[in-house]
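Assemble the whole structure, with the sequences as input and the hints as a guide.
Going down the list, the protein sequences come from chains A and B.
For reference, each letter of the first sequence is one residue, going 1 to 310 in our numbering.
For reference, each letter of the second sequence is one residue, going 1001 to 1407 in our numbering.
Hints may be right or wrong, so weigh each one.
[What the hints assert, rightly or not] Over 10 Å on every C-beta distance to chain A, these chain B residues come out as not near it, computed from the model:
(1) Trp1065
(2) Pro1305
(3) Lys1402
[Said to hold, decoys possible] Capping the alpha-carbon separation at 20 Å, the derived lysine to aspartate or glutamate pairs in DMTMM-like fashion look like this:
(4) Lys118/A with Glu221/A
(5) Lys241/A with Glu264/A
(6) Lys1015/B with Glu1364/B
(7) Lys149/A with Glu1298/B
(8) Lys74/A with Glu107/A
(9) Lys1401/B with Glu1176/B
(10) Lys1051/B with Asp310/A
(11) Lys256/A with Glu221/A
(12) Lys1051/B with Glu221/A
(13) Lys296/A with Glu1364/B
(14) Lys238/A with Asp87/A
(15) Lys1008/B with Glu1364/B
(16) Lys1051/B with Asp123/A
(17) Lys149/A with Glu1176/B
No lab work stands behind these hints: they were computed from the structure.
Ideal placement from N, C-alpha and C gives every residue a C-beta, glycine not left out.
One-letter residues, chain by chain:
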Amino acid sequence: MDSDKKKKINRRTFLKGAASTAIAGSAVVTAGCKAKGLLGSSEAFALEFQEYFKKHYRLMTKAEREGTVARLEKLARLKQNITINVDTTEPAEKVLYGYAFNVTRCEGYMECVEACVKENNLDRKSNTQYIRIFEMEHGQMSPDQGDGKYFHMVPAEGHFYMGVQCFQCQNPPCVKACPTKATWMEPDGIVVVDYDWCIGCRYCMAACPYWGRRFNWNQPEIPKEEINKEQHYLGNRKRVKGMMEKCTFCIQRSRKGKLTACAEACPTGARVFGNLLDPDSEIRFVLENKKVYRLKEDLGTDPKFWYFID
Amino acid sequence: MKKDTTSKGLLSFIKDTLLWNLTGSLGYQLYLGILICLMLTGIYGYFIQFKLGLAATNMSNIVSWGFYISNFTFLVGVAAAAVMLILPSYIFNDKDLHKVVIIGEVVAVGALVMCMTFVFVDLGRPLQFWHLIPGIGQLNFPSSLLAWDILVLNGYLALNALIPAYIVFCHYQGKEPVGKYYKPFVFLSIGWAVGIHMVTAFLYQGLPARPFWNNPLLGPRFLASAFAAGPAIISLVLHVVNSRMGYKIDNKIFNKLRIIIVSAAIINLLMLFSEIFKEFYFPTHHSQSAMYLFFGLEGHNSLVPWIWTAISINLIGTIVLAINPFKEKQIFLMPALILLIVGIWIEKGIGLIVPGLVPSPMGEITSYAPSSVELYITVGILGLGMFVVTMLLKPALIIEKKYENEK
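The structure is reproduced here in C-alpha cells:
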C-alpha cells in the first residue's frame, strides 16, 4: 500500500503541475486539444481526468470549486448536449432546517414522491425514490408496521398515511460511519454527500436506522428532456453508478429560500418545511402548538423531522 | 553442506523462491493451473461487475451487504487465528507448535489478502479507492470503524508478512535470526490479532440501527468462532503439507491443535446458545432478524436451511473432535474439521450479515442469494488466496527443511 501511496502522490503532484494552466479554465484545454486536431470526446476525457483527481468538496478553495463547476457544466454540454447550472450556494447564517409531517392530513396521493423524483433527478431505471409513503392501520404508530407498497385508490377506509425520508438527524450515525468523510452535516442542518468523494462502501446505509439512503446499483438513467437543469453540487446533480445518495431537503431550492419539492407538491398541506431558528416560521408554530413525536427517539439520533396529529 | 552465507543475498533469495515455486511435479503444475483458472473466473466476473456496477450482484437497498462482506468477516477470523500458534510457541515456548508457526502465519497472510480483495470488490467505485489513503485522501479516523478496520488489517498483514520473511531469509542464509529484531513484533502481532477481529466485530456491533448486530457478545463470539475455524483450516493445510510436501508433521501437533479447536468451538456454541435464548425466550420487536434467520418471515425463508445445517454440522464436528474416536489416526479427523469450518462459515458469514439487514429499518423483508457474478468473483478470490499461500509456503518449507538438516 505504501508504494501505491507514493505512486499516487507522484501522479497527483505531477498532475497539479501539468494542470495548473488547464485549471485556469477548461477553455485552455479545449483550445489545446482542438489545435492538435483531436476529437471532442478526448476533450471530455481530459475534463473527466481532471475531475478524477479533484479534492474533497470541503477542502476545495473557491477557485477550485469554480473549476469543478465549470468542468461539470462543460461535461454536461459535451456528453449530453444540455446546459446545466451547478450551484454552490453556501448555507445562510442562523438557518437550521426542519420538517414536520401532518399524519392527519396526508391521504397517500404520493404527489410528493413524484415531485421529488423529478426535482432531484432520481434514477428512473431502478425507480429510486427518496420518499416512501406507508399506509397504516389505526393503532399503528411506526411505519415498519405499515404497508409501503400499496397500490389502490386512496385514501383507503380505516387507514392513515405516513411519509418517510431522510430525517436529517442532528446526530447522524451515517456521518460517523463514512470511512472517507464523504458525507457530513452542513451548518444549516442538511446531511449531504460529496458524490465524487464517495467510494460506495455502503457502511452509511447499514448505519442508518431510518433507511434514508439510496445506492446507485446501476448506471442511473433519466430521459434527457426530464433532467432538472437547476442543480446544486451537493444536491441533484448527476450521479453515476456506485455512488450513495439521499434526500438533501432539496438543497438547490431550500438554499434559495424556496420550499422543498415535496412540501410544494403536497395537495393536502401535510408537509411543513422551514427554519427552526426563525421564531415566526410555520415549523416553529407546529412544534410549539401541536402534539409532535419523532421515530425511534431511543436511538438518540435527534432527527429534525417530526410527525404531528391535528 | 558448507555454509556460503556471503554469496546468498536478497537477489539469489528471490531467484531461488521463484524457481522453487515454478518447478514441481506434474501434480503440482496441474494444481497451479487450476488455481490460475479459478483466478481467471474471478477476473471475468469482476469485469462484468465493473461494467454493470453492483447491479450485477443480487444485493439491493435492503440487503446492501451480501456474500462478499460475509466471506470477508469469516476470513478476518481465519487471519486472526494465527495467534493460536504464535501465542503458545513464543510465549509458552512450545517446541512442537514452533515448528509450524510459520505455516499459521502464511495462512494468515493468504486470508488477509482475500479479506482485502473481498472489501475491494464490494466497493461501488473501486477507482476512487485512493480517497481512503491518508495524506492524499481523507480517512475518517478515529470516528469510522471502517477506517479502523482498514488500518488494523493492513498493519496485521505487514506484521504477518515481514516477521516470517525475516526469519526465513535468515535461515536461507544459514544464520540464526536475531531475537531483538523480530521478537517485539511477534508480541505486537499477538495483541494485534485480537485487535483485527474485535475491530471487525465492532464494525457491526457499533450500529444501533441494526439490533441483530448491536450486541456486546458479537466481538467475543467472533474470536471464539475464529479460534475454532482458523486452526481447523491450519490443520487442513498441515495435513496437505505433511502428505504432499514431504515436510513431516508430528501427530502431537495435530492433537494440540485439536484441543485448541474443541475448546474454542465449545465456547462458541455456548455463546450461540446464549444469543438464541435471548432472542426466543421473550421475543421482542428486535428479534425479527433472528426469526427471519431461524424460521423465516412472511414466506422469506431462504436462510432457514442454511442456518440449521450450520448448527447441526457445528455440533457434529465439535462432538467428533472432542471425543476423538480415532486416537492414532489424526487423518480421520479431517472430515470433522471440514464440517466445523463450513458450519462456522455459514453461521458467521451469510447467517450473520444478511439477517442484520433484514427486516430493513422500515420493516421490509426480502430474500437474498448471491448472483452468479458474486460466485465467480468469490471463487476467483479463493483461488487467489490459495495461490498466495502456496507461493509463500513452498519456498519457506524448503528453506526450513534445509536449515533443520544443516543444524
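Hints versus structure:
1. Trp1065: Label violated. Min Cβ-Cβ 6 Å, cutoff 10 Å.
2. Pro1305: 25 Å, holds
3. Lys1402: The claim holds: Lys1402/B sits with its nearest Cβ about 31 Å from chain A, beyond 10 Å.
4. Lys118/A with Glu221/A: At roughly 12 Å apart (the allowed maximum being 20 Å), Glu221/A and Lys118/A satisfy the hint.
5. Lys241/A with Glu264/A: Roughly 29 Å between the alpha carbons, so the hint for Lys241/A and Glu264/A is violated.
6. Lys1015/B with Glu1364/B: Roughly 57 Å between the alpha carbons, so the hint for Lys1015/B and Glu1364/B is violated.
7. Lys149/A with Glu1298/B: Since the Cα atoms of Lys149/A and Glu1298/B sit roughly 15 Å apart, the hinted pair holds (cutoff 20 Å).
8. Lys74/A with Glu107/A: Not OK: Lys74/A and Glu107/A at ~43 Å, beyond 20 Å, violated.
9. Lys1401/B with Glu1176/B: 14 Å, holds
10. Lys1051/B with Asp310/A: Judged against 20 Å, a Cα distance of about 51 Å means the pair is violated.
11. Lys256/A with Glu221/A: Cα-Cα ~27 Å, so violated.
12. Lys1051/B with Glu221/A: With Cα atoms ~15 Å apart, Lys1051/B and Glu221/A stay inside 20 Å; holds.
13. Lys296/A with Glu1364/B: Holds: Lys296/A and Glu1364/B sit about 16 Å apart, inside 20 Å.
14. Lys238/A with Asp87/A: 13 Å, holds
15. Lys1008/B with Glu1364/B: The given pair, whose Cα atoms are some 64 Å apart, is violated under the 20 Å limit.
16. Lys1051/B with Asp123/A: 18 Å, holds
17. Lys149/A with Glu1176/B: Between Lys149/A and Glu1176/B the Cα gap is close to 70 Å, so the pair fails against 20 Å, i.e. violated.
This entry does not satisfy hints 1, 5, 6, 8, 10, 11, 15 and 17, going by the numbered hints stated previously.
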